[in-house]
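There are 4 protein chains.
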Amino acid sequence: MKTGIIGTGRIGKVHIQNISMFVPELEIKTAADPFMNEETETFVKKCGVANVIKTAEDIFNDPEIEAVIICSSTDTHSKYIIEAAKAGKHIFCEKPIDYDLANVHAAMNAAKAAGVKLQIGFCRRFDHNHRGVYDVVHSGRIGDVHLIKISSRDPEPPGIDYVKVSGGIFYDMMIHDFDMARFLAGSEVVEVYAAGAVLIDPEIGKAGDVDTAAVTLKFENGAIAVIDNSRRAVYGYDQRVEVFGSKGCVRNENDIPNTVQVSDAECTSTENTYTVMWDRYTGAFVSEMQAFADAVVNDKETPVAGIDGLYPVMMAAAATKSAKEGRPVKISEVEIR
Amino acid sequence: MKTGIIGTGRIGKVHIQNISMFVPELEIKTAADPFMNEETETFVKKCGVANVIKTAEDIFNDPEIEAVIICSSTDTHSKYIIEAAKAGKHIFCEKPIDYDLANVHAAMNAAKAAGVKLQIGFCRRFDHNHRGVYDVVHSGRIGDVHLIKISSRDPEPPGIDYVKVSGGIFYDMMIHDFDMARFLAGSEVVEVYAAGAVLIDPEIGKAGDVDTAAVTLKFENGAIAVIDNSRRAVYGYDQRVEVFGSKGCVRNENDIPNTVQVSDAECTSTENTYTVMWDRYTGAFVSEMQAFADAVVNDKETPVAGIDGLYPVMMAAAATKSAKEGRPVKISEVEIR
Amino acid sequence: MKTGIIGTGRIGKVHIQNISMFVPELEIKTAADPFMNEETETFVKKCGVANVIKTAEDIFNDPEIEAVIICSSTDTHSKYIIEAAKAGKHIFCEKPIDYDLANVHAAMNAAKAAGVKLQIGFCRRFDHNHRGVYDVVHSGRIGDVHLIKISSRDPEPPGIDYVKVSGGIFYDMMIHDFDMARFLAGSEVVEVYAAGAVLIDPEIGKAGDVDTAAVTLKFENGAIAVIDNSRRAVYGYDQRVEVFGSKGCVRNENDIPNTVQVSDAECTSTENTYTVMWDRYTGAFVSEMQAFADAVVNDKETPVAGIDGLYPVMMAAAATKSAKEGRPVKISEVEIR
Amino acid sequence: MKTGIIGTGRIGKVHIQNISMFVPELEIKTAADPFMNEETETFVKKCGVANVIKTAEDIFNDPEIEAVIICSSTDTHSKYIIEAAKAGKHIFCEKPIDYDLANVHAAMNAAKAAGVKLQIGFCRRFDHNHRGVYDVVHSGRIGDVHLIKISSRDPEPPGIDYVKVSGGIFYDMMIHDFDMARFLAGSEVVEVYAAGAVLIDPEIGKAGDVDTAAVTLKFENGAIAVIDNSRRAVYGYDQRVEVFGSKGCVRNENDIPNTVQVSDAECTSTENTYTVMWDRYTGAFVSEMQAFADAVVNDKETPVAGIDGLYPVMMAAAATKSAKEGRPVKISEVEIR
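Protein chains in written order, with the working numbering: chain R, 1 to 337; chain W, 1 to 337; chain S, 1 to 337; chain V, 1 to 337.
For reference, chain R alone in the conformation it holds in the complex (with noise of 0.2 Å):
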């Protein structure tokens, strides 16, 4: 299926290589970017792709081309998705799909009054060991969901220029996890209380932000969830998931480059989890291009469809002002339709 891509940043890039090499079903005909330059279109050219321009429109007049997929800076997300739809393209959109909650809905109905498919791409569902970890649950295997616990910690906090534009670690960073926590409660969640500290660095706080964070999630169907952030981990990325349900719990560890272990006068010691996020998740990028593949295709439902790019917004939105104010906020507190 031929294929356009907005976007040739660093998310760009690593979707048109992976279809290049593992993903036979489609094929990226275009790829637009109006910031391309000399290197990217030379690498972009070498995976493959026969047009390279620089605006998005000749990929949605191009009749030949049925889906997107959209890679550009998150304020042109909602944007396209609507021009995709209204040209009738199927979409992939890199999350989030917008932070404003009315552009959110206006893309979901442009994408279902057009009759394509959407998927968001949240990777982490894709990587093995959260998979793994849903798939127990989903099995059934340890019975109905009681506790959820996340942690996701980055190695380094982007730069302050970016924090300040970022709208905030809940929006930023735990949005994955708020996608997380949804993907594996199995339920929506109805209350979200934060707590969020200035621990790493001053400047973020007066930005506005936080760096630190943990947060306490209330599902309909009365499991709890905790999730913790933070923004400098010294030893590398750092993303664990717990769930304990009634007949027994589930949990992952971190990938580490690889199983050796050194055992000397001292201690015993191996190796750190990643310290870049393209090589702990280099897996789950894979797999999500070859699950929408697979949706536009054969004509399957999306993994990762517009409502579950919906609810971590709101989620967001309920744990920024929960801890501006100090108090657990109701999902219906900041939801609109």
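Only true hints are included.
Chain copies aren't distinguished; within one or between two, either way the pair holds.
Computed cross-link-like contacts, SDA-like style, restricted to lysine to any residue with a CA-CA straight-line distance of at most 20 Å:
| # | residue 1 | residue 2 |
| --- | --- | --- |
| 1 | Lys-247 | Ala-265 |
| 2 | Lys-13 | Pro-24 |
| 3 | Lys-46 | Glu-25 |
| 4 | Lys-206 | Lys-324 |
| 5 | Lys-117 | Asn-61 |
| 6 | Lys-247 | Asp-264 |
| 7 | Lys-2 | Ala-87 |
FYI, nobody ran anything at the bench for these hints, they're computed from the structure.
Guided by the hints, dock chains W, S and V onto chain R, whose structure is given.
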């Protein structure tokens, strides 16, 4: 040092046996229990205890006895602490001192006024795995504490009759984790948010309690802790802690009966954790008594002082109030002076 | 660098795909296989190979082709090495060069005389876990090597027809471990003692082979290695190494598909190792070809030279003789020059 | 049952203390040691031993004493076994019975003739981790035993003076592993091949011994075992076993002081294993004595019988001969009847 023990139920017997075997500095001269039966008497005497009696009075009146170990029911703790203090005897008292904060203060003040040592039986501080985490935190190796995660799950809920008089999950079960959180944070808690659910047994809900809970603690130093509790983990007694700091992360796993792993055609499996608290904390009970002996014989500070008995009760009060009112509760709201 | 490949069976296809995806320095211009079928031809062409032919001659005669990858059946290896060397092309040859030591020498000499590079396909040296152990040993961190332990067990014995022509377990299976032992020891083996048994399939015994074996190696530097092999590990592909030295010990574990662990009422379980060799050594096949590209393009020593192809065959010869005669056999007994 | 103990060195004291604390069926009435000093006497009496004497005679002559525990030096074992047997007393004797096979037979025969029970102190059979492996093997869960791997490494070599009289590494150190191999194999060894090296201390070589060794055992049932020993593992007392069978594989790890793991900027580390044998096998010493008490009090078979004392000595004899002559040695070559 000659010692008296009040209460020869399960925990009392454990202390008697441990002292006789592993704490040479102490000698239990007298054991008192109003419900003393023949079997217990035989056991206690075999452990070398000279006098086995029914009332605590003789212990307080015996000038040879310099220390008292209180293992009676909770409602008698503060009363016996006050009597022992008046008699000038050092005191080891099982947790909690009392659920009524005024009684806790009275007991603490009595010990202070009498100039006797008071140690509270928060045994988990002496567990090799938890102590190992504390030692790493305390050494400064992981820097400033940012996040604390504590999971604490029991194999089985207590009988519903006990639940009704237990004071609730926060007083009865999570109180150990409140102590652990303070121990690891190195700071006092200022606010508590508790989310509770009835997911295991509706009878627990009818009794006004919850069986599943997640609590968020904010500390003076900015650190945040999340604690989760469940009354029933089918795989055994599950107690793990993790402390994340500016320079790294330290965590522990449960003890298991052996290190054997079996790989067959289906999977690789290991044994589960212990299902009996006494097996899990065998060493902790010995160590806490050795620490008490060290404090009273060598005139050192007790490692779990009266204040360490007070704070967890205040935290339990705040958590109970928070779960009931659906909002974060400050310690100052429940504090008395 | 333009490259030709001879043999497009399973391993040939893996190299073609890996080169097209991950080894930009090499370009496979021509693929030759006398048994080339349509399906293979389609696959090979999709990987960007220009010419798909039936005989190797055209590769040797093509002046544009500078390197040859030999993936044909073992009995043709030495012949093709000699022809490629005469044609002045660098050579990557799958292991083993040949089971006849005279042929191995002839091939090595041809490459040497022609001044072309020769790399043998002992892929395990490039596996992240084994390489990780090597790196620790090589760094000096565990001091002098004293003991090496290698376990290597396959999920299933090959078909009995294959067993009959395989040369036996020491040539066919343990040869990888002989290479690994030398790689880790940093010294040459001087004596081999092999104990074998038929415990899995009596047919293997009737074919004159064993299915279970333990071999002891003595090295020049005094180090001792023990290797165990089994033709059938029901739990999957099991390959672990351990090196014990004067300053410590390093070992690795198998890769498993994910890090998930499940605790239910019975036990705590994790997934087993891979059951398919290609999954276990995915990365190793890529890395060895990248190393070959690096050697031929940048004129470096190949990391697995001709001598590394010779020694394991001598060790297999000695082990076979040892198992047959029930005594340790010196390498000098089987060596030719 | 009233018991006498001969020898109050390190291991004797451990048995005395363990019996007083954990083995209620036995009561040590008399302890005899020609080198009894005041400190030891004080300790022994504190453990409740009534009589502390210098010669063993009084124990044999005391009609009240029904069982004897022999912890004296190895050269006196067989003599004391014979005397105790003649006196009609059950016998627990530290390993080995004797290095001279004729003496071993004499001792075994004496016990048999007298109809008294004889248990040999191979304590590792009672270690929770080794016992756990045995239980899995014994249950049939991993099917028929094909391969056994045992690693056994001490933190430090003994003093050179001890090495000279120790009988060599196979008698002194690997004898435990010979016992373990038989225990796990469920079959008798028929042939032994030993490779030894002097890699730690040349003085050990001058004393005619080796400090590093790997031994291959062939069992009657076809199973093969490999054992490696080192006199110096800088990271502590390292003892692991693995049994591979037709239906799976079981293995254990060392105990470590706690389960704490620390991740900092460099690596993730855990504590090393114990460096002191008494810490590693604390529970094993208790369990073996409880098993002895159970055997003598309840008239059961001892779990480590005379034959279990005989075989490891024959295996040590064969291994010593093998290392010296550079060839596999059959047990039948060293056996006497």
